[in-house]
Amino acid sequence: MSEETKTIESEIEEIKQPKEWQPAILGILCNWCSYAGADLAGSARLHYPESIRIVRVPCSGRVDPMFVLKGFQKGFDAVMVLGCHPGDCHYAKGNYYARRRIAMLQDLLETLGVPRERFHFEWVSASEGNRFAELMTEMTERIKKIGPFDGVTP
Amino acid sequence: MRIGVFVCWCGSNIAKTVDVAAVAEAARDMPGVVYSTDYKYMCSEPGQNMVKDAIKEHRLDRVVIASCSPRLHEPTFQRCIADGGLNAYMVEMANLREHCSWVHEKTPETTEKAIHLVRMAVAKVTKNDPLQRNEIPLGRRALVIGGGIAGIQAALDIADAGYPVVLVERTPSIGGHMAQYDKTFPTLDCAACILTPKMVDCASHPLIDIWSYSEVEEVKGFVGNFEVKIRKRAKSIIDEKCTGCGECLEKCPVKGIPSEFDENMGTRRAIYRPFPQAVPNKPVIDRLNCRKFLEDKCGVCAKICPTGAIDYAQEDEVLTEKFGGIVVATGFGLWNHSVMGEYGYGKYPDVISAIQFERIMNASGPTDGHIVRPSDGKTPKAIAFLSCVGSRDQEHGHAYCSKVCCMYNAKQALLVRDKLHDVETYVFYMDIRANGKGYEEFVQRTIEDFGANYIRGRVSKIYPDNGQMVIKGADTLLGKAVEVRVDLVVLATAMQPQNDAKDLARMLGISTDQYNWFSEAHPKLKPVEVLTDGIYLAGACQYPKDIPDTVAQASAAASKVIGLFSKKAILSEPMIANINEDTCAGCGLCVNVCPYGAIELIEVMDKEKSTRENKVMKSVANVNEGVCKGCGTCAAACRSLSANLRGFEGKQILAEIDALADMVKGRK
Numbered sequence: 001m002s003e004e005t006k007t008i009e010s011e012i013e014e015i016k017q018p019k020e021w022q023p024a025i026l027g028i029l030c031n032w033c034s035y036a037g038a039d040l041a042g043s044a045r046l047h048y049p050e051s052i053r054i055v056r057v058p059c060s061g062r063v064d065p066m067f068v069l070k071g072f073q074k075g076f077d078a079v080m081v082l083g084c085h086p087g088d089c090h091y092a093k094g095n096y097y098a099r100r101r102i103a104m105l106q107d108l109l110e111t112l113g114v115p116r117e118r119f120h121f122e123w124v125s126a127s128e129g130n131r132f133a134e135l136m137t138e139m140t141e142r143i144k145k146i147g148p149f150d151g152v153t154p
Numbered sequence: 001m002r003i004g005v006f007v008c009w010c011g012s013n014i015a016k017t018v019d020v021a022a023v024a025e026a027a028r029d030m031p032g033v034v035y036s037t038d039y040k041y042m043c044s045e046p047g048q049n050m051v052k053d054a055i056k057e058h059r060l061d062r063v064v065i066a067s068c069s070p071r072l073h074e075p076t077f078q079r080c081i082a083d084g085g086l087n088a089y090m091v092e093m094a095n096l097r098e099h100c101s102w103v104h105e106k107t108p109e110t111t112e113k114a115i116h117l118v119r120m121a122v123a124k125v126t127k128n129d130p131l132q133r134n135e136i137p138l139g140r141r142a143l144v145i146g147g148g149i150a151g152i153q154a155a156l157d158i159a160d161a162g163y164p165v166v167l168v169e170r171t172p173s174i175g176g177h178m179a180q181y182d183k184t185f186p187t188l189d190c191a192a193c194i195l196t197p198k199m200v201d202c203a204s205h206p207l208i209d210i211w212s213y214s215e216v217e218e219v220k221g222f223v224g225n226f227e228v229k230i231r232k233r234a235k236s237i238i239d240e241k242c243t244g245c246g247e248c249l250e251k252c253p254v255k256g257i258p259s260e261f262d263e264n265m266g267t268r269r270a271i272y273r274p275f276p277q278a279v280p281n282k283p284v285i286d287r288l289n290c291r292k293f294l295e296d297k298c299g300v301c302a303k304i305c306p307t308g309a310i311d312y313a314q315e316d317e318v319l320t321e322k323f324g325g326i327v328v329a330t331g332f333g334l335w336n337h338s339v340m341g342e343y344g345y346g347k348y349p350d351v352i353s354a355i356q357f358e359r360i361m362n363a364s365g366p367t368d369g370h371i372v373r374p375s376d377g378k379t380p381k382a383i384a385f386l387s388c389v390g391s392r393d394q395e396h397g398h399a400y401c402s403k404v405c406c407m408y409n410a411k412q413a414l415l416v417r418d419k420l421h422d423v424e425t426y427v428f429y430m431d432i433r434a435n436g437k438g439y440e441e442f443v444q445r446t447i448e449d450f451g452a453n454y455i456r457g458r459v460s461k462i463y464p465d466n467g468q469m470v471i472k473g474a475d476t477l478l479g480k481a482v483e484v485r486v487d488l489v490v491l492a493t494a495m496q497p498q499n500d501a502k503d504l505a506r507m508l509g510i511s512t513d514q515y516n517w518f519s520e521a522h523p524k525l526k527p528v529e530v531l532t533d534g535i536y537l538a539g540a541c542q543y544p545k546d547i548p549d550t551v552a553q554a555s556a557a558a559s560k561v562i563g564l565f566s567k568k569a570i571l572s573e574p575m576i577a578n579i580n581e582d583t584c585a586g587c588g589l590c591v592n593v594c595p596y597g598a599i600e601l602i603e604v605m606d607k608e609k610s611t612r613e614n615k616v617m618k619s620v621a622n623v624n625e626g627v628c629k630g631c632g633t634c635a636a637a638c639r640s641l642s643a644n645l646r647g648f649e650g651k652q653i654l655a656e657i658d659a660l661a662d663m664v665k666g667r668k
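Taken in order, these protein sequences are the chains called A and B.
Position one of the first sequence corresponds to residue 1 (our numbering), numbered consecutively onward.
Position one of the second sequence corresponds to residue 1 (our numbering), numbered consecutively onward.
Keep in mind that a hint or two might mislead.
Claimed, not checked - Cut-off 30 angstroms, straight-line C-alpha distance, at most; resulting in silico cross-link-like pairs (DSS-like, lysine-lysine):
#1 232(B) to 145(A)
#2 381(B) to 292(B)
#3 93(A) to 419(B)
#4 419(B) to 502(B)
#5 665(B) to 70(A)
#6 40(B) to 52(B)
#7 19(A) to 106(B)
#8 183(B) to 127(B)
#9 144(A) to 472(B)
#10 144(A) to 16(B)
#11 347(B) to 255(B)
#12 665(B) to 651(B)
#13 93(A) to 502(B)
#14 255(B) to 292(B)
#15 609(B) to 19(A)
#16 419(B) to 220(B)
#17 220(B) to 241(B)
#18 255(B) to 145(A)
#19 70(A) to 127(B)
Please keep in mind that the hints were generated in silico from the structure rather than gathered at the bench.
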């Protein structure tokens with residue numbers, strides 16, 4: 001087999017190989033800390049996978065569990081809710097309400113058949129651009145390992 | 001529905017990785033979109049004009065700007081479309097720059113993501129309702145927190161513009177760090193000569209109230225309507241009676257308490273004023289050291305006070321006052337180098353910090369300006385100045401440069417030679433950062449005219465030997481180890497935020513950076529504002545600054561307050577909660593969760609059950625528009641979906657998520 005054929009064959013092989021699967025992740029971020037942290041990751045040109053789509057809300061306290069459920073209903077492979085660190089909420093204590101609400105939501109999700117690791121709630125501050133980018137990379141890798149979400153069966 | 005989509009290149013910031021023309025093309029097919037285009041700089045004047053013209057030409061009723069973060073330019077485009085004749089809130093932004101082009105490589109997927117972001121914004125704007133801003137009252141009285149040079153300057157500027165100011169300072173006197181300094185670089189003005197007249201101006205200004213020995217305890221309310229709880233700590237002195245004669249200061253028998261003002265280089269008594277030029281020039285009693293309070297003995301000060309101004313029974317006074325605007329000027333603290341083993345854990349008396357040396361040099365300091373070393377009171381023959389002690393040092397938690405040390409090292413090295421001709425000075429430095437007007441020339445003067453030995457390198461060890469301190473370090477320019485013997489070592493310790501900066505930040509609802517410096521609203525364009533309206537920053541509470549920069553920022557903060565106060569009225573935030581009274585069951589859950597107490601239950605007529613004859617009342621939630629800040633916690637809590645947050649309504653957010661259905665399907 002000549003060199004040339006080899007190359008062509010490997011190229012064909014490459015074409016045949018499906019492109020690596022990228023998960024679809026929904027992020028619901030509070031405006032004052034986490035969305036600003038995501039902005040900072042941008043200003044600092046920190047690269048992370050393009051799997052995330054971000055919805056901006058004023059406060060993690062605004063996150064109606066419905067938004068998360070809607071994400072899974074639409075078939076997102078993972079949903080993340082990010083808010084200000086405890087004590088740093090722009091609205092004093094919205095993130096505490098979020099924390100309680102989400103603790104209940106996690107149980108509900110499991111009951112509905114959404115595996116726990118597909119939902120992530122975390123604090124990211126406005127100065128944590130690094131942390132945001134790392135989190136996006138980690139989350140994408142984690143979801144890649146567990147594969148696509150086949151949805152909540154009605 | 002006639003939506004216009006405007007895709008910005010942001011020069012090459014977006015266009016480099018995202019195919020903007022393809023995004024604009026794709027937008028054309030999105031539901032409701034009748035027009036889309038792309039342009040190099042959407043926020044520029046031609047860009048904004050393009051939007052305004054398109055609104056008219058294509059009769060647009062909603063606009064999507066696909067450019068940078070809404071945190072940066074949402075207000076810009078709200079004004080733009082308002083100028084174009086639409087309600088300002090009929091615009092949404094897709095964040096193509098911070099969340100897409102800057103964080104991903106140039107691939108088809110990046111452009112695809114950009115299209116998704118636009119799709120989300122289009123879906124959201126479809127559900128936008130026009131919003132209005134209402135007038136809310138504005139109290140024209142300012143609070144300045146911190147009485148250092150920043151607070152003094154801000155208070156004077158605001159008061160000179162004709163508005164009343166309360167200047168709160170927690171120590172017994174205003175003046176701050178600047179009052180402790182000897183001379184100031186690069187002009188060598190004596191700090192007291194330029195500061196004390198300003199302190200006196202503050203005290204005598206009819207519109208300035210100085211509340212010394214006082215602290216802010218709680219901040220409520222919002223721009224124009226802050227309610228601040230301030231604790232006036234008991235001075236044990238009746239201000240109105242005290243004439244400041246100072247008799248008590250001489251007679252108090254409790255001596256030898258380390259003086260905070262002299263940085264423990266000198267002592268004070270139990271009744272004291274920090275320094276003779278203090279403003280207000282009245283003493284306070286330090287209850288932790290006073291024998292009257294400890295043992296119920298003594299009482300000498302009360303006996304000799306000619307005006308009977310001593311009041312041992314005085315209690316703290318807690319006042320709640322209203323203010324329209326707040327200037328935060330709480331300054332900095334200094335890092336304690338006693339964790340550094342290589343410099344002796346702060347245990348060698350002749351290794352002192354630069355601020356302690358400032359007190360030693362100061363004519364009104366503990367040594368009356370005689371430069372002597374603390375251990376034996378002898379005049380030093382050789383002094384070493386070490387820069388970057390804790391600054392530019394990740395290991396000790398300050399990656400940043402403290403900005404002023406290079407200059408005061410040079411100043412102190414110069415002044416020492418000026419006072420004591422027979423002294424060698426050594427300055428160990430990492431880099432000389434002398435970037436201010438006349439600064440570089442000043443450093444050169446110290447080296448050339450005042451013979452300071454500048455050694456580029458760090459010091460690895462200091463230890464005592466035969467009555468002197470031995471300094472071992474490196475000279476990185478010569479590439480060899482150096483060892484010098486000196487009598488006194490002066491450390492330029494890092495500036496850091498006040499220990500309780502975080503507590504104040506929480507009280508004010510403002511954010512801090514990783515070190516706890518207060519965060520400005522924008523690092524370049526909003527350097528004195530914070531993200532909460534009506535609160536402004538001045539001086540080193542934001543980041544290390546020298547006096548000229550501090551004064552400039554203080555005047556800037558003052559001008560922001562004056563600007564605010566000169567408005568006829570302020571407008572309420574439009575993105576606040578509202579209640580659908582028809583569906584509200586009056587359960588009161590929103591009342592409980594509201595962080596601001598902005599919701600209460602009121603009685604309204606039940607439209608369903610009322611007849612013409614019988615009016616049936618029911619209770620429903622009601623939002624106080626002046627108090628609501630728009631967090632949306634109530635909207636997430638409401639069981640009947642009656643509470644909603646304007647601008648972030650459930651239907652808007654759900655529409656955004658729905659708009660991504662195609663993306664999700666494409667990836668299965």
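Worksheet item: Looking back at the numbered hints, which does the structure fail to meet, lowest number first?
Response: 1, 2, 3, 4, 8, 9, 15, 16, 17 and 18
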